[in-house]
Amino acid sequence: MRKLYGLIMVALLATVFLIGVASGEEKRIVVPVDPDGVQRVEVLGGSYFFDPNYIVVKVNVPVEMKIKRESGLVPHNIIVKAPEAGIDFNEGMSTDPKVIKFTPTKTGKYEIACDKKLLFFESHKDKGMVGTLEVVD
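Using this note's numbering, the letters of the sequence shown map in sequence onto residues 1 to 137.
No lab work stands behind these hints: they were computed from the structure.
Every residue gets a Cβ at the ideal spot worked out from N, C-alpha and C, and that includes glycine.
Be a bit skeptical, because a hint or two may be false.
30 Å max Cα-Cα, derived DSSO-like pairs, lysine-lysine [what the hints assert, rightly or not]:
1. K127 <-> K81
2. K125 <-> K27
3. K116 <-> K127
4. K109 <-> K27
5. K66 <-> K116
6. K68 <-> K98
7. K58 <-> K116
8. K98 <-> K117
Quick list of simulated restraints, FRET-style, between CB atoms [as the list claims (entries may be wrong)]:
9. E25 <-> G86: 27 to 33 Å
10. T95 <-> I29: 27 to 33 Å
11. L119 <-> V33: 40 to 46 Å
12. K117 <-> D137: 32 to 38 Å
13. L119 <-> G86: 31 to 37 Å
Modelling step: build the complete structure from the supplied sequences, incorporating the hints.
Spelled out as C-alpha coordinates, the structure:
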(Lines of atoms letter the chains of each structure in order from A; the text may use other names.)
(Lines give C-alpha, C1' and ligand atoms only; values in the text may rest on other atoms or scores of the structure.)
Protein backbone atom coordinates (compact mmCIF):
# COMPACT_ATOMS: atom_id res chain seq x y z
CA MET A 1 0.00 0.00 0.00
CA ARG A 2 2.85 2.39 0.80
CA LYS A 3 4.42 1.69 -2.60
CA LEU A 4 1.14 2.50 -4.33
CA TYR A 5 0.78 5.71 -2.33
CA GLY A 6 4.37 6.67 -3.20
CA LEU A 7 3.79 6.00 -6.89
CA ILE A 8 0.61 8.09 -6.88
CA MET A 9 2.43 10.99 -5.19
CA VAL A 10 5.29 10.82 -7.71
CA ALA A 11 2.79 10.80 -10.59
CA LEU A 12 0.93 13.80 -9.16
CA LEU A 13 4.11 15.79 -8.63
CA ALA A 14 5.34 14.96 -12.14
CA THR A 15 2.00 16.09 -13.60
CA VAL A 16 2.11 19.40 -11.73
CA PHE A 17 5.71 19.95 -12.89
CA LEU A 18 4.87 19.19 -16.52
CA ILE A 19 1.84 21.46 -16.48
CA GLY A 20 4.06 24.27 -15.18
CA VAL A 21 6.68 23.65 -17.87
CA ALA A 22 4.11 23.35 -20.65
CA SER A 23 2.32 26.51 -19.60
CA GLY A 24 4.95 28.51 -21.45
CA GLU A 25 5.01 31.26 -18.84
CA GLU A 26 6.15 34.51 -20.42
CA LYS A 27 9.19 36.10 -18.82
CA ARG A 28 9.30 39.53 -20.44
CA ILE A 29 12.03 42.15 -20.19
CA VAL A 30 12.26 45.61 -21.73
CA VAL A 31 16.00 46.13 -22.14
CA PRO A 32 17.22 49.56 -20.98
CA VAL A 33 19.77 51.58 -22.93
CA ASP A 34 22.94 51.92 -20.83
CA PRO A 35 24.69 55.31 -20.56
CA ASP A 36 27.15 54.17 -23.26
CA GLY A 37 24.26 53.70 -25.72
CA VAL A 38 24.19 49.87 -25.67
CA GLN A 39 21.26 47.64 -24.70
CA ARG A 40 22.52 44.71 -22.60
CA VAL A 41 20.52 41.63 -21.72
CA GLU A 42 21.40 38.24 -20.21
CA VAL A 43 19.63 35.11 -21.43
CA LEU A 44 19.76 31.76 -19.65
CA GLY A 45 18.87 28.60 -21.57
CA GLY A 46 18.03 25.30 -19.99
CA SER A 47 15.58 22.45 -19.78
CA TYR A 48 13.56 23.62 -22.80
CA PHE A 49 13.30 27.27 -21.77
CA PHE A 50 14.85 30.68 -22.33
CA ASP A 51 14.83 33.14 -19.43
CA PRO A 52 13.73 35.75 -20.31
CA ASN A 53 11.72 34.44 -23.26
CA TYR A 54 10.29 37.78 -24.43
CA ILE A 55 12.88 40.49 -25.00
CA VAL A 56 12.03 44.03 -26.10
CA VAL A 57 14.80 46.21 -27.60
CA LYS A 58 14.91 49.52 -29.48
CA VAL A 59 15.53 49.72 -33.21
CA ASN A 60 18.89 51.13 -34.40
CA VAL A 61 20.45 50.80 -30.93
CA PRO A 62 23.27 48.24 -30.45
CA VAL A 63 22.44 45.12 -28.43
CA GLU A 64 24.78 42.89 -26.46
CA MET A 65 23.07 39.63 -25.55
CA LYS A 66 25.02 37.59 -23.01
CA ILE A 67 23.97 33.95 -23.32
CA LYS A 68 24.68 30.88 -21.23
CA ARG A 69 22.97 27.62 -20.38
CA GLU A 70 22.34 25.97 -17.07
CA SER A 71 24.64 23.11 -16.14
CA GLY A 72 23.83 19.68 -17.49
CA LEU A 73 24.53 17.42 -20.42
CA VAL A 74 21.78 18.54 -22.80
CA PRO A 75 23.15 20.85 -25.54
CA HIS A 76 21.26 24.03 -26.45
CA ASN A 77 21.63 26.84 -28.95
CA ILE A 78 19.95 30.17 -29.56
CA ILE A 79 18.84 31.17 -33.03
CA VAL A 80 17.31 34.33 -34.46
CA LYS A 81 17.09 34.45 -38.25
CA ALA A 82 16.02 37.92 -39.37
CA PRO A 83 18.78 39.19 -41.68
CA GLU A 84 16.36 41.76 -43.11
CA ALA A 85 16.35 43.34 -39.63
CA GLY A 86 20.10 43.10 -38.96
CA ILE A 87 19.62 40.09 -36.67
CA ASP A 88 21.07 36.78 -37.77
CA PHE A 89 22.75 34.38 -35.38
CA ASN A 90 22.91 30.72 -34.43
CA GLU A 91 25.11 30.30 -31.36
CA GLY A 92 25.73 27.27 -29.21
CA MET A 93 25.10 27.85 -25.53
CA SER A 94 27.53 26.69 -22.85
CA THR A 95 27.91 27.24 -19.13
CA ASP A 96 30.53 29.88 -19.97
CA PRO A 97 28.86 33.16 -20.96
CA LYS A 98 29.17 34.34 -24.57
CA VAL A 99 28.19 37.76 -25.92
CA ILE A 100 26.28 38.16 -29.19
CA LYS A 101 26.37 41.68 -30.65
CA PHE A 102 23.91 43.06 -33.20
CA THR A 103 22.05 46.24 -34.08
CA PRO A 104 18.39 45.71 -35.04
CA THR A 105 17.46 47.81 -38.07
CA LYS A 106 13.76 47.03 -38.45
CA THR A 107 10.87 46.93 -35.99
CA GLY A 108 8.91 43.71 -35.60
CA LYS A 109 8.69 40.47 -33.68
CA TYR A 110 11.27 37.77 -34.36
CA GLU A 111 11.35 34.20 -33.13
CA ILE A 112 14.04 33.01 -30.73
CA ALA A 113 14.48 29.23 -30.78
CA CYS A 114 16.69 26.24 -30.00
CA ASP A 115 16.72 23.69 -32.83
CA LYS A 116 18.68 20.93 -31.05
CA LYS A 117 17.12 17.48 -30.98
CA LEU A 118 18.09 13.91 -30.17
CA LEU A 119 17.64 11.33 -32.92
CA PHE A 120 13.94 10.98 -33.71
CA PHE A 121 12.63 12.89 -30.69
CA GLU A 122 10.98 16.31 -30.81
CA SER A 123 13.29 19.29 -31.23
CA HIS A 124 13.80 21.57 -28.26
CA LYS A 125 11.76 24.17 -30.15
CA ASP A 126 8.87 21.69 -30.37
CA LYS A 127 9.22 21.14 -26.61
CA GLY A 128 8.72 24.85 -25.98
CA MET A 129 12.24 26.27 -26.11
CA VAL A 130 11.13 29.37 -28.02
CA GLY A 131 10.79 33.05 -27.34
CA THR A 132 10.30 36.42 -28.97
CA LEU A 133 12.67 39.27 -29.71
CA GLU A 134 10.54 42.38 -30.24
CA VAL A 135 12.15 45.44 -31.82
CA VAL A 136 10.30 48.71 -31.16
CA ASP A 137 10.75 52.40 -32.02
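Straight-line Cα separation of K109 and K27 no greater than 30 Å? Holds, at roughly 15 Å.
Are the Cα atoms of K66 and K116 separated by 30 Å or less? holds, 20 Å
Between L119 and V33, does the C-beta distance stay in 40 to 46 Å? The hinted range 40 to 46 Å holds for L119 and V33, with Cβ atoms some 44 Å apart.
Given hint K27 paired with K125 - CA-CA distance at most 30 Å: Holds, at about 17 Å.
Hint says 31 to 37 Å; check whether the CB-CB distance for L119 and G86 agrees. Since L119 and G86 have Cβ atoms about 35 Å apart, the given range 31 to 37 Å holds.
Does the Cβ-Cβ separation between T95 and I29 fall within 27 to 33 Å? Cβ of T95 to Cβ of I29: about 21 Å, so the range 27 to 33 Å is violated.
Holds or violated: K116 with K127, Cα cutoff 30 Å? holds, 10 Å
Need the status of pair K98, K117: alpha-carbon distance at most 30 Å? holds, 22 Å
Using the beta carbons of K117 and D137, state whether their distance is inside 32 to 38 Å or not. For D137 against K117, whose Cβ atoms are near 37 Å apart, the range 32 to 38 Å holds.
Could one say that the CB atoms of E25 and G86 fall in the range 27 to 33 Å? About 29 Å separates the Cβ atoms of E25 and G86, which means 27 to 33 Å holds.
When you check the alpha-carbon spacing of K58 and K116, does it fall within 30 Å? With Cα atoms ~29 Å apart, K58 and K116 stay inside 30 Å; holds.
So if I understand the rule, the pair passes when the alpha-carbon distance is 30 Å or less; does K127 with K81 pass? Since the Cα atoms of K127 and K81 sit roughly 19 Å apart, the hinted pair holds (cutoff 30 Å).
Of the numbered hints given earlier, the model fails hint 10 alone.
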